Amino acid sequence: MEEGYESRRGSRWEELDTDILVRIFQKFSIFELTSGLAHVCSGWRAACCDPILWKTLDLSHMRSSFIKIPLEPYVYVERRSDEALTRILKLSMNLSGRNTRALVFHFNLFLSDDQLTYTAERCPGLRRIVLPAWNRIKKTGICKAIRIWKDLESLTMPSIANPPYLLTEIAKNCKNFKELKIMGPFEIFFANTLITYLPNLKTLSLRCSAIKREALIKILDGLPHLEVLNISHSYLVEYSVWQPQQKVIVRELDKTILEKASRLKRFLTCMEHETCVMCQRTENDEGIVRWYKYEEGEWKVDEVSSLHL
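Taking full-length UniProt numbering, I'd label the letters of the sequence shown as residues 1 to 309.
In short, the hints are calculated from the structure, not lab data. Don't take every hint at face value.
[As the list claims (entries may be wrong)] In silico SDA-like pairs for lysine to any residue, Cα to Cα no more than 25 Å straight-line:
{"#": "1", "residue 1": "Lys300", "residue 2": "Lys247"}
{"#": "2", "residue 1": "Lys150", "residue 2": "Lys172"}
{"#": "3", "residue 1": "Lys247", "residue 2": "Ile160"}
[What the hints assert, rightly or not] What follows is a list of derived Cβ distance ranges for each label pair:
{"#": "4", "residue 1": "Tyr118", "residue 2": "His39", "range": "16 to 24 Å"}
{"#": "5", "residue 1": "Asp285", "residue 2": "Thr256", "range": "24 to 32 Å"}
{"#": "6", "residue 1": "Asp19", "residue 2": "Ile249", "range": "50 to 58 Å"}
{"#": "7", "residue 1": "Leu253", "residue 2": "Lys202", "range": "30 to 38 Å"}
{"#": "8", "residue 1": "Arg266", "residue 2": "Arg45", "range": "43 to 51 Å"}
Since this is a predicted model, take the numbers as computed values, not measurements. Just so it is clear, CB atoms sit at the ideal spot from N, CA and C, and this is done for glycine as well.
Using the sequences and the hints, build the whole thing.
In structure tokens form, the structure reads like this:
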């Protein structure tokens, strides 16, 4: 009876073919993959370390527990939240075998310099990174990571006050870099920095932002290799000739901009501020969208398919 039962039951879990296990594990979340599956047996560990499982390390569902504070870095991250992130990163890096090519962090996941450097050193072949939260990352930390990521092609980042130090590192070290998404206001200084250091940029997304009209024109004139530009749900800002301190919101693209943008393969726009919910949100939030107020995951959306998460 027992022998017949064993034959009907078939192989045990630990005896399953590795390829079958990998296909099963592909359905698991990062939290499930790092919860101890690799310790069940040697077969399961081999499956857990398969490169296909770690091509993209998606932590977009993991956010920090934090409070805002009045001094830099303007957030205080609760210790257990920090420890949980460190634990996930260490387990993931141990299993990934340096095979991660895309790394995605939640908009409110506040990395420290140590966490960023640790991760960079263990996935040097990274080609895409989504780093929207910047508060605790210092100049030394991000520059060290960029020097490691020689193959980096795509970056999602917040708007920062002093972009030259970062874009200089990208220009020096990332010869295949071609795609940038900036989450936040786009000023003339940022436009000039892009033109100076990344003249070969092919894709730029400035969706849900306040964009200086002059900055947009500079981009259209100064990035000759630009193919795709997304300004969906953004609005343009210029200043009155008669009252230089008075900001004027431009809700329609003029002939000059449309003519300059006509050379692009794709120019993505939506400025329907009376009917479009996202356009209204951008304007209400003054060009720095407070994503925590809206549907979870809305910040991941992009009209450019290669940037959509």
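Each hint tested on the structure:
1. Lys300 with Lys247: violated (29 Å)
2. Lys150 with Lys172: holds (9 Å)
3. Lys247 with Ile160: holds (21 Å)
4. Tyr118 with His39: 16 to 24 Å: holds (22 Å)
5. Asp285 with Thr256: 24 to 32 Å: 27 Å Cβ-Cβ, so the 24 to 32 Å window holds.
6. Asp19 with Ile249: 50 to 58 Å: holds (56 Å)
7. Leu253 with Lys202: 30 to 38 Å: violated (22 Å)
8. Arg266 with Arg45: 43 to 51 Å: Since the Cβ atoms of Arg266 and Arg45 sit about 44 Å apart, the hinted range of 43 to 51 Å holds.
In this structure, the hints that do not hold are numbers 1 and 7, in rising order.
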